[in-house]
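Q: Generate the whole structure from the sequences, applying the supplied hints.
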Amino acid sequence: MTDSTVLRLNGLSKRFGPVVANDDVSLTLAKGEALALLGENGAGKTTLMNMLFGHYLPDAGSVEVADENGVLQSLPLGHPQAALAAGVGMVHQHFALAENINALDNITLGSEPLLALRRNRQAARAKIEGIIERSGLKAPLNTPVGRLSVGERQRVEILKALYRDARILVLDEPTAVLTPQEADTLFENIKAMTREGLSVIFISHKLREVLAFSDRIAVLRHGRKVGEMATADADEKAIARMMVGADTPKVARTDMAPGAPVLNLSGISVTGRSKRDTLKGVDLMVNAHEILGIAGISGNGQSALANVISGLAAPSEGHIQVDGIPVPKPGPAAMVKAGIGRIPEDRHHEGIVGAMSVAENMVIERLDDPEVQSRGLLRRDAIRDNAERLAQAYDVRGPGVTASSRLLSGGNIQKLILARVFERSPRLILANQPTRGLDMGAAAEVGRRLLEARERGAGVVLISEDLDEILGLADRIVVIRDGNLVEAGSHDREKIGLMMAGEPA
Amino acid sequence: MIRIEPRENPSRAFAIGIPILSAVISLALAAIPLLAAGANPLTAYGEMIKGVFGSVFALSEMLTRATPLIFTGLAAALAFRAKLWNIGAEGQLYLGAMAAVAIGSGYLDAPGIVLLPLIILLGAGAGAAGMMAPTYLKVRFGADEVVTTLLLNFIILIFLQMMLEGPLQDPMGLGWPQSAPVLDQGMLPPLMERMRVHSGLIIALVLAAIAQFMLARSVWGFKLRAVGENAAAARHAGINVNRSLFGVAAISGALAGLAGVSEVAGLKGYLTSDLSPGFGYTGIVVAMLAGLSPAGVVVAALFIASVFVGADSMSRAMGVSSFLADLVVSMSLLCVLVGGFLAKYRILRTREAVS
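One line per chain: the protein sequences are A and B, in this order. Under the numbering used here, the first residue of the first sequence is numbered 1, with each subsequent residue one higher. Under the numbering used here, the first residue of the second sequence is numbered 1, with each subsequent residue one higher.
Hints in this document: simulated from the structure, not taken from any laboratory. This structure is a prediction, so every number in the text was calculated from the model and none was measured. Each hint can be trusted.
Facing chain B, a subset of chain A residues (Cβ under 8 angstroms, in silico):
1) H349
2) M356
3) G376
Calculated Cβ distances over 10 angstroms to all of chain A for the following chain B residues:
4) Y45
5) T272
6) D274
All C-beta atoms in this analysis are idealised placements derived from N, C-alpha and C, irrespective of residue type, glycine included.
A: Now the structure itself:
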């Protein structure tokens, strides 16, 4: 190893019961290097970084971090404070900011003595402004964080790490919540910082950004490191194969003429408490044999739109028609009855009742079906047979259909929901972030099922923050911004990105 | 450093063993105050066992004590399954009891075959009605039902005192704040000659069996479990969450009301404001000990009744304070709650990492 090594992970292993999250993973990171950590969901990327940061105690292995003089020192494991002190900063996927206080205070929070009588805010401000100057990470310091955009919040998180003199920065899926343009800017900033000597590890499963912005790539699969290469030598196909262990199933897609309208929203308004729950008089038409993609930055009304279509929110104005028939009193049950299949955004929170069995979750939307109950009593054998059949057909793997559904992995939970939705041959499918957090195999399966439904004659509303996913699946794209819908009119990535950001295309 | 990690596979033996172990530990812990009171714990426990199982009379007393606890335990267990925290069983019990004496102590002089079912229905209905306002406030305004049901207990208790010194007062009662006795044909028949145990116990056991069956096997139980475990997912799936909550609120209140009916029309015969020594609150303990399972409620109610009756008898035999019974009950609850936690999580001591 050269002198410039700032971090060395030696043979880290971690088991959670029978699950091996990491198995003998070793990594090094050089000063000023941007290392991309790639892998499917569940490959162990986050676990590895959590061990580095002291959130988890490894079962075996050690971590060494360079001190100010560049000499590697072994890091006490299982102590986040020690990791912080050694100059390791981590920005999690879910931000840990206090929404009611401003960015400046969020950044300094926790790095000041608890019992200090007065705070030297001037010095703190000067230091932060210096960091902003050098890195280009612009964020308004005096605004409560609750009023900042997602991109700004993320920059505050990074500033927080840098303020604590992080020499090694770990970013867990930093672009999951950003527009393509914001993501590009973020990486520009990261580049600027690595030139100053900061070392960065970023976790991602978007190949495009990994290839564009990293110096080196390490790939994890099933908890092991299966490959490592300089980005200059890498090619997309090879990495994808390394991640999945086989060629990714290609989603085959044929052109299809749209049929009659299956969903018609006219003049729908929803007054919500925040921007994310608000719709301002939108019209939307979805036809049979059509996948309509809703592109947009998170929090621009996607939730409101999804809630209206799934029946969770009652619009204050406007009309809903499914298959040309008005839905007079919208509600979840009425929507299911009208022929809408719903794949919710938060599959753990809204999709399943974790404490109930896989079989029960598979019938939870049709409790009045005579196949499921007779005279108010559950037909348990029929419910179990139904579940066995669906688990087979949709490849739901886990400890069995009578086990609690919370024991399933994220991908299998999604397959459970797919089985529940597609089994009823819905006229319209609402798929809200259907592949978020899924590995490539499970994501491809979702895409395949959506295309299959389209072929059968269903209409699909696909809401996604992953523009590539929409570009790959949708026949027609509508951009949602600030509670309004605008037809994109094309599949042009650049143009849609600008529309998402609210700039005239 | 101490870490807490969830256990991967809480085993079944564990789930059953923990409550039993907890009960044993709580008895062991209760030996300390017994020693402090100057009694030999082993003799004391011997007296306790004799006081519960030593004679048919003792057994009958224990079952008599367990009867209201099964009702209130079921009331708490079912509501808690839906995450509806009904702390108001005590008040609902008195509502049921008031309804029972209002109709049963002479207002309606009908044959038993009419009067008794009517008393039961009205008592259950009164308990159920007592749960409607807190549930409405919760559903409509998000008012915390822990607070509303708890405080309603005190309001109902004062209302009861007003009724006992007013419309419900026994005209022949020499001014005592008590109701007129329930007519003979309105009483729940006793189960054994010269014993206090009455057919309220049978009703309680049947209801427990029905609750157990319905919870696991009916659509109603399915919805209730879904609402309790994940209301957001239940709503998304098209289950009417509010309707489920009102339904279980009514059933929970009715069960607590039946506890009052059973005490008045099965045991005491008339109503006073000290009818219940906190059966409503003890029902919460019973439900927690039972892990919110209706079948478990029966077992837990029998256990707690045994401790109470046994400790009473022990304190008489050995001259120690009968408050020890309360102590054992509270300790057993604490032990079971801690035990339940340990069944789900394990505590790891990690070595201080060396730097």
